[in-house]
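Could you put together the complete structure from these sequences and hints?
Sequences listed follow chains L and E, in order. If you read the first sequence in our numbering, its first letter stands for residue 656, the second for the next number, and so on. If you read the second sequence in our numbering, its first letter stands for residue 296, the second for the next number, and so on.
Don't read these hints as lab results, they were simulated from the structure. Some clues are possibly wrong.
[As the list claims (entries may be wrong)] Lysine-lysine pairs mimicking BS3-like chemistry, simulated, CA-CA at most 25 Å apart:
| # | chain 1 | residue 1 | chain 2 | residue 2 |
| --- | --- | --- | --- | --- |
| 1 | L | Lys768 | L | Lys723 |
| 2 | L | Lys732 | E | Lys352 |
| 3 | L | Lys732 | L | Lys715 |
| 4 | L | Lys768 | L | Lys715 |
| 5 | E | Lys352 | E | Lys378 |
| 6 | E | Lys337 | L | Lys723 |
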Amino acid sequence: GNSVTQMEGPVTLSEEAFLTINCTYTATGYPSLFWYVQYPGEGLQLLLKATKADDKGSNKGFEATYRKETTSFHLEKGSVQVSDSAVYFCALSARGNQGGKLIFGQGTELSVKP
Amino acid sequence: EPEVTQTPSHQVTQMGQEVILRCVPISNHLYFYWYRQILGQKVEFLVSFYNNEISEKSEIFDDQFSVERPDGSNFTLKIRSTKLEDSAMYFCASSEGSQGGVRPQHFGDGTRLSIL
Numbered sequence: 656g657n658s659v660t661q662m663e664g665p666v667t668l669s670e671e672a673f674l675t676i677n678c679t680y681t682a683t684g685y686p687s688l689f690w691y692v693q694y695p696g697e698g699l700q701l702l703l704k705a706t707k708a709d710d711k712g713s714n715k716g717f718e719a720t721y722r723k724e725t726t727s728f729h730l731e732k733g734s735v736q737v738s739d740s741a742v743y744f745c746a747l748s749a750r751g752n753q754g755g756k757l758i759f760g761q762g763t764e765l766s767v768k769p
Numbered sequence: 296e297p298e299v300t301q302t303p304s305h306q307v308t309q310m311g312q313e314v315i316l317r318c319v320p321i322s323n324h325l326y327f328y329w330y331r332q333i334l335g336q337k338v339e340f341l342v343s344f345y346n347n348e349i350s351e352k353s354e355i356f357d358d359q360f361s362v363e364r365p366d367g368s369n370f371t372l373k374i375r376s377t378k379l380e381d382s383a384m385y386f387c388a389s390s391e392g393s394q395g396g397v398r399p400q401h402f403g404d405g406t407r408l409s410i411l
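And the structure:
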């Protein structure tokens with residue numbers, strides 16, 4: 656079946672450090688891929704998405720590239736801020752989100768220290 | 296920006312009691328979803344709903360669960376006889392859903408359900 660695997664957390668970085676959170680997936684066909692972020696006490700917010708191979712999603716300085724050959728969608732940011740502290744979820748939708756459910760990874764907690 | 300709203304933010308219920316979690320999706324959205332997250336675990340899909348019927352459900356969504364869109368704005372999740380293991384954060388989501396393109400799901404802030 657379809658699944659998403661993320662790197663274990665928590666990840667602790669100093670402000671302005673480079674961030675990578677690894678995400679790999681297993682899916683039949685060509686899923687759409689997403690990163691969601693959950694700030695403390697809040698719901699899940701869409702951070703970025705990619706719908707086909709080699710697409711790069713980007714938002715708020717975060718980027719992720721849909722790599723079909725390695726079935727990966729790693730999240731990166733060149734210089735993190737304290738305000739980026741949150742839990743990050745990688746997810747896929749097998750039907751391009753035409754009513755299709757999201758399958759989530761386990762989430763990776765990021766803590767950024769000043 | 297329009298948002299999905301969920302009420303209550305926290306619900307405490309005795310085991311065996313019925314509970315109804317409420318959601319108001321974004322008004323022009325067509326697809327509605329419920330997910331749950333047990334503390335320390337993944338966010339898990341429960342059910343999707345389109346055109347006034349369930350379009351997909353997971354094995355978690357057994358006969359104890361039901362969903363309803365009683366009017367043009369609310370979308371509810373009912374658990375008939377709650378169990379301790381139903382304690383979790385429940386998220387409602389909605390999406391536009393149209394032919395072509397990707398319409399991401401927008402999530403509410405969740406209802407924390409505590410079963411005693």
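Satisfaction of hint between Lys715/L and Lys732/L, Cα-Cα up to 25 Å: Holds - the C-alpha atoms of Lys715/L and Lys732/L are around 9 Å apart, at most 25 Å.
Hint consistency between Lys768/L and Lys715/L [alpha-carbon to alpha-carbon, up to 25 Å]: OK: Lys768/L and Lys715/L at ~19 Å, within 25 Å.
25 Å Cα cutoff - pair Lys337/E, Lys723/L: Roughly 24 Å between the alpha carbons, so the hint for Lys337/E and Lys723/L holds.
Given pair status - Lys378/E, Lys352/E, alpha carbons within 25 Å: holds (19 Å)
Pair hint Lys768/L and Lys723/L, alpha-carbon separation not exceeding 25 Å: violated (34 Å)
Pair hint Lys732/L and Lys352/E, alpha-carbon separation not exceeding 25 Å: Answer violated: Lys732/L to Lys352/E is near 35 Å, above 25 Å.
The structure shown violates the earlier hints numbered 1, 2.
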